[in-house]
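Residue strings, one per chain:
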Amino acid sequence: MLYALLCYHQEDVVCAWTKEEDDAVMQKLAVVQERLAKAGKLGPVARLLPTTAATTLRKDQDPPLVLDGPFAETKEQLLGFYILDCKDLEEALDIARDLGAANPGGSYEIRPVGLFQDGGARP
Amino acid sequence: MDEARWIGTTLAAARPQALAALLRYFRDLDLAEEAFQEACLRALRTWPQNGPPRDATAWLIFVGRNVALDTVRRRAKLTELPPEEALSDTQDTEAEIAERIDGAHYRDDVLRLLFICCHPDLPATQQIALALRIVSGLSVRQIARAFLVSEAAMEQRITRAKARIAKAQSGDGGVPFEAPGAVERAERLGVVAAMIYLVFNEGYSAAGDASAARAPLCEEAIRLARLLLRLFQAEPEIMGLTALMLLQHARARARFDKEGAVILLDSQDRELWNRPMIGEGLALLDKAVRHRRPGPYQLQAAIAALHARAKGPEDTDWAQIDLLYGTLEFLQPSPVVTLNRAVAISKLRGPEAALAMVEPLGDRLTGYFHYHGVRGALLMQLGRTSEARDDFMTAISLATTAADAAHIRTHLDGLK
Chain A
1 MLYALLCYHQ EDVVCAWTKE EDDAVMQKLA VVQERLAKAG KLGPVARLLP
51 TTAATTLRKD QDPPLVLDGP FAETKEQLLG FYILDCKDLE EALDIARDLG
101 AANPGGSYEI RPVGLFQDGG ARP
Chain B
1001 MDEARWIGTT LAAARPQALA ALLRYFRDLD LAEEAFQEAC LRALRTWPQN
1051 GPPRDATAWL IFVGRNVALD TVRRRAKLTE LPPEEALSDT QDTEAEIAER
1101 IDGAHYRDDV LRLLFICCHP DLPATQQIAL ALRIVSGLSV RQIARAFLVS
1151 EAAMEQRITR AKARIAKAQS GDGGVPFEAP GAVERAERLG VVAAMIYLVF
1201 NEGYSAAGDA SAARAPLCEE AIRLARLLLR LFQAEPEIMG LTALMLLQHA
1251 RARARFDKEG AVILLDSQDR ELWNRPMIGE GLALLDKAVR HRRPGPYQLQ
1301 AAIAALHARA KGPEDTDWAQ IDLLYGTLEF LQPSPVVTLN RAVAISKLRG
1351 PEAALAMVEP LGDRLTGYFH YHGVRGALLM QLGRTSEARD DFMTAISLAT
1401 TAADAAHIRT HLDGLK
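From first to last, the protein sequence lines are chains A and B. Start counting the first sequence at 1; every next residue gets the next number (this note's numbering). Start counting the second sequence at 1001; every next residue gets the next number (this note's numbering).
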C-alpha cells in the first residue's frame, strides 16, 4: 500500500525562515529522503509554493467559480491530488474545469509546485 | 532547527499581528512595543518548559496585554481597570482572545499598523525605518547598518518619527485608529504597497559590500507583501507587487561578481537565478492578469517576467517589453519609464531611434545617474565617442554606489 504523507505547518512561520534556516531544513530532509529512496520506498515529493500563489476552482456550481486564495471550506476533506505540467495558470484552470465537469461538487485548489522529485516507487 | 531558533521565528512571525492588537488596546506605540518585548522574553522562558502554546499569537497578545496593564497601573494609579478576575491567567480568556483576533479585527489591525508607519507627515526614509522597527522588529542596529548611518542617528530618526505620530494622534483629525471604510482602505492599501516597495528598493539598490547587509530588507519586503496578500487575497496590484519583488530578488545572486562589480542582465549567469522564486512570481502574475485590472506593479512584474522566461538574453521578447512600457507610460507617465523604454527600443530598432527618445528627457533627468549612463552607451554605439565620454563622466559624478561608478568606468576605459 502506498501512503501519502501530507505536510502541514504554520505558513507564517515557514515563510519567515531565513534562507539559511530553510536550507538547513531541506538538507536534513534530503538525508532522510535519500535513505528512503535507496530502500525503494520513496514516491514523488513535492513542495508547494505559499498559499498566496493558490487559486481555487469551486465546481459545486455551474459554471465553476474561480477564486483567489487557498482552499478554505472546512466541510470538505483532501481526497487526492494531481501533478500537472502546465504552461500557465490558464491551462491549469482549463484542465481543472474538464476534470470538474467529469466530477462535479467540491473544489480543486490549484497550487504551484516549488520543488518536485519523482522518487520512483510505484504501487 | 533547534528550539531557540524555532521560538525566534515564531515570535517574528507573530509580531505584526500581536503588536497591532496591543496597539489597538493601548493606542501607544512605545507601550505596545515594550509589552510585546516583555511577552517575548516570557515566551523564551516558559515555552521551552511548557511547550509552545496552541496559538502563539494569542498567547503573546494575552501576556503582552497584562504586562501593559501593569505598566499603565503603575503609571497612573487612578486609571479605572477591568476587574482582576477578567485579567487572570486562565485558559478560557486565552481562547476568547484567540477567537477575537481571528475575527473581525484581524485584517484592519495589521493594515493599521502598516499605515501608521506610512504616516503622510513623515519623509519616506522615516516611514521605512519605522516600519522595519515596528512591523518587522528589526533592531535599530540592523536598520542603521542597512541605511549606512550610525546607530545613534537611526535611533534619533525613529524617535522623531514616533513623536510626530504621537502628536498627530493626540491632535484632532488624522487619528488612524478608526477602522477604515472600503474606499479609505483601498487608498491606504496603495500607500502601504508603495512603502513595502520602498523597503524593497532600499535593499535592492545597494551594491557590492552593502548588498549582503541589505538583502534582508528585500526578504522582509517580500514577507510583508505576502502577509498583505493573505489579508487581501483578490487584489491584483498586491499580487503584482509581490510578483515584481520575487522576480527581481530571484536574480540577487547573479547581479554582482565576487569583487562586488555590477553584472548587467545580459551577462548574468541565469543558472544562479532562483527558480522557485521565479515560479512563485510567475504564478502570482498569472493570477493577477486574470482580474483584467492592470496597474503599474503588474506591468513592471510582467516586464520582469519576460526577462525571467527568456532562456538567454537573445531570447528576450523586446517587442512585448516595449508594449508593456508603453502601457506603463500611459498609466503612470514618468521620464524614468520612458528612459527604460528607450533601452527596449535600442534593442528593437537600434541606438539612433533610442537616442531620439532619450534626448527630450534631458531637462528633467539631468541629475539622474541612469540617464547619463544610458545616453552615454547609446552615443558609444553610434561612435560619437567624445559626447559619450562627457555623459559617462557626468554619470560617475552622480553615482550613489562605488559599484555603479566602477561599472561606468569600464565603459570609459573601453572608449580609449
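Any given hint might turn out to be false.
[To be verified] Just the calculated beta-carbon pair ranges, DEER-fashion:
no. : chain 1 : residue 1 : chain 2 : residue 2 : range
1   : A       : Phe116    : B       : Gly1367   : 46 to 52 Å
2   : B       : Arg1027   : A       : Asp85     : 35 to 41 Å
3   : B       : Glu1329   : A       : Asp85     : 35 to 41 Å
4   : B       : Arg1270   : A       : Gln61     : 54 to 60 Å
5   : B       : Thr1366   : A       : Asp98     : 30 to 36 Å
6   : B       : Leu1041   : A       : Asp85     : 48 to 54 Å
7   : A       : Glu90     : B       : Leu1331   : 21 to 27 Å
8   : B       : His1370   : A       : Leu5      : 49 to 55 Å
[Claimed, not checked] To give an idea of the chain B side of the interface with chain A (calculated C-beta under 10 Å), a few residues:
no. : residue
9   : Ala1056
10  : Thr1125
11  : Ile1222
12  : Met1357
13  : Leu1361
14  : Arg1364
15  : Leu1365
Just so you know, the hints here were simulated from the structure itself, not pulled from any lab data. Even for Gly, the Cβ is constructed at its ideal location relative to N, Cα and C.
Starting from the hint list further up, note which numbers the structure goes against and sort them upward. Structure breaks hints 2, 4, 5, 10, 12, 13, 14 and 15.
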